[in-house]
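Enquirer: The residues making up each chain are set out below.
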Amino acid sequence: MDVLYFAWVRERIGIPRETLDTSARTVAELVEELRGREDRYAAAFADLSALRVAVDQDLTDFDASLEGVREVAFFPPMTGG
Amino acid sequence: MDVLYFAWVRERIGIPRETLDTSARTVAELVEELRGREDRYAAAFADLSALRVAVDQDLTDFDASLEGVREVAFFPPMTGG
Amino acid sequence: MILRVQSEPFDLGAETDTFAKAQSGMGAVVTFTGIVRDLPGAGLDRMEIEHYPGMTEKALEKIASEAMQRWDLGDVLIIHRYGVLRPDDRIMMVATSSRHRADAFAAADFLMDYLKSRAPFWKKEFTSSGAEWVASKDTDEAALDRW
Amino acid sequence: MILRVQSEPFDLGAETDTFAKAQSGMGAVVTFTGIVRDLPGAGLDRMEIEHYPGMTEKALEKIASEAMQRWDLGDVLIIHRYGVLRPDDRIMMVATSSRHRADAFAAADFLMDYLKSRAPFWKKEFTSSGAEWVASKDTDEAALDRW
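Chains as they are written, first to last, in my numbering: chain A, 78 to 158; chain B, 78 to 158; chain C, 821 to 967; chain D, 821 to 967.
Derived from the structure by calculation, the hints contain no laboratory data. Ideal Cβ positions, reconstructed from N, Cα and C, are used throughout, including at glycine. Do not take every clue at face value.
[Claimed, not checked] Computed from the model, here is a short list of chain D residues facing chain A with C-beta under 10 angstroms:
{"#": "1", "residue": "ARG866"}
{"#": "2", "residue": "ILE869"}
{"#": "3", "residue": "GLU870"}
{"#": "4", "residue": "GLY874"}
{"#": "5", "residue": "ILE911"}
{"#": "6", "residue": "VAL914"}
{"#": "7", "residue": "SER937"}
{"#": "8", "residue": "ALA939"}
{"#": "9", "residue": "PRO940"}
{"#": "10", "residue": "TRP942"}
{"#": "11", "residue": "THR947"}
[As the list claims (entries may be wrong)] For lysine-lysine, the following BS3-like pairs were computed, each having C-alpha atoms within a straight-line distance of at most 25 angstroms:
{"#": "12", "chain 1": "D", "residue 1": "LYS841", "chain 2": "C", "residue 2": "LYS841"}
{"#": "13", "chain 1": "C", "residue 1": "LYS841", "chain 2": "D", "residue 2": "LYS944"}
{"#": "14", "chain 1": "C", "residue 1": "LYS878", "chain 2": "C", "residue 2": "LYS957"}
{"#": "15", "chain 1": "C", "residue 1": "LYS957", "chain 2": "C", "residue 2": "LYS882"}
{"#": "16", "chain 1": "D", "residue 1": "LYS882", "chain 2": "D", "residue 2": "LYS957"}
{"#": "17", "chain 1": "C", "residue 1": "LYS944", "chain 2": "D", "residue 2": "LYS841"}
So here's chain A without its partners, still in its complex pose:
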């Protein structure tokens, strides 16, 4: 599964994307797994209320299922326009 990071999430983690093998069944489980990896992940995922998640390029919630999913992205609230 490809995991993408944008804006300050990307800056805190230090990379724009990575490919992971994970047994996480939901986004929340994936977040837990990432948090446990290294401090930079723990820092990026410290406050979930400041984060948004997209699964296969659709905005969704942290309890979304990862079954069959190819791409997950984490980022702060968007500031388009």
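Once you've looked at the hints, dock chains B, C and D against the given chain A.
Expert: Same frame as chain A, but now just chains B, C and D:
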């Protein structure tokens, strides 16, 4: 006093403007005076709810005073934009 | 405020670009353009727009000033044509600028509502079946109550 | 629907004119343009806009389609830039056309509200005192409840 007519009011009366000597103290009195002149005026002023009036180029009501007024204009509701 | 009443066509693209360029510190520009629509059925040959010289300029000034007072705007542009117009011709445009988008949107919407029933223009439509003055709509008058 | 995500500048005047010309039977065209504002105090050197290629196009498509469904529109245009922008540069524009003015206004307003917090763009401001990601505003999220 100059009296101006626009759109179908102008067409019914047949002229775009005229200069009148009048003792009318209000727009309503002026309308009464005009109605009494000729059929084409009576036709143009038959339904006041379909007319608007401007006094010295400001939209106003039929009970507006004509004291010191130089220009009165009658026309249908505006359709700008 | 830039207010123009004219019979000649105006260049929508150039006017929009020039207006936007002149804004300093404004994050938002909104424009509205009114275009002559062909009429279903009869087919519109032309539209003739009559106006009240003198009062028109006064009315535009009043409407634009009111918008400048109500919202935090950088500037307001109004261009309105009179005379003979054909389908697809541009009748008029307004432009507003503001620091935040809500002001520019509200002001442009307000300007259009007021131009519609408070600026002394009258439209007459000429079709193959005759000529008719465009009637004002009750909804146009009611729209003013929004403000 | 015309949807473009690009790093190059766009020609606001030409885009507006071309969009309006392409409309048939539409009486109203509304445009909104977002412009980089200088920052009071520190002074903005530049803004960098990051986006999520793939998802951005999908999001614009979804937002524009939603507008086409909700209102009686002729067409919708969205152009949004990413990359490095300086004060006075145009960030993005939308245009809408409709037979009656209320639809074009409402749709443009709707598009802006959704682009603001549902299109995957992130702005970072670089000033003499440092760099900072622009925070979303609670009012932007609240604005979506209007629709």
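Enquirer: If a hint holds in the structure, say so; if it doesn't, say that too.
Expert: Comparing the hints with the structure gives:
The beta carbon of D/ARG866 is not positioned within 10 angstroms of any beta carbon in chain A (closest approach about 16 angstroms), and the interface hint is therefore violated. Because the beta carbon of D/ILE869 sits about 8 angstroms from the nearest beta carbon in chain A, less than 10 angstroms, this interface hint is met. This hint holds: D/GLU870 has a C-beta 6 angstroms from the nearest C-beta of chain A, less than the 10 angstroms allowed. Hint status for D/GLY874 relative to chain A: holds, with the closest Cβ pair at about 6 angstroms, below 10 angstroms.
For D/ILE911, the shortest C-beta to C-beta distance to chain A is roughly 8 angstroms, which falls under 10 angstroms, so the interface hint holds. A cut of 10 angstroms between beta carbons decides the hint on D/VAL914: the least distance to chain A is about 9 angstroms, and the hint holds. Because the closest C-beta pair between D/SER937 and chain A is about 6 angstroms apart, less than 10 angstroms, the hint holds. The beta carbon of D/ALA939 is positioned within 10 angstroms of a beta carbon in chain A (closest approach about 4 angstroms), and the interface hint is therefore held.
Checking D/PRO940 against chain A by beta carbon gives a least distance of about 5 angstroms; that is within 10 angstroms, so the hint holds. Below 10 angstroms, beta-carbon pairs count as interface contacts, and D/TRP942 has one with chain A at about 4 angstroms; its hint therefore holds. A least Cβ separation of about 16 angstroms between D/THR947 and chain A goes past the 10 angstroms threshold, and the interface hint is therefore violated. Note on D/LYS841 and C/LYS841: the hinted pairing holds, with a Cα-Cα distance of about 22 angstroms set against a maximum of 25 angstroms.
Simply put, C/LYS841 and D/LYS944 have alpha-carbon atoms about 23 angstroms apart, close enough for the 25 angstroms limit, and the pair holds. Distance check on the hinted pair: C/LYS878 and C/LYS957 sit about 23 angstroms apart at the alpha-carbon level, within 25 angstroms; holds. Of the pairs offered as hints, the one joining C/LYS957 and C/LYS882 holds, with about 22 angstroms between alpha carbons and a cut-off of 25 angstroms not exceeded. Of the pairs offered as hints, the one joining D/LYS882 and D/LYS957 holds, with about 22 angstroms between alpha carbons and a cut-off of 25 angstroms not exceeded.
With a C-alpha separation of about 23 angstroms, the suggested pairing of C/LYS944 with D/LYS841 holds against the 25 angstroms cut-off.
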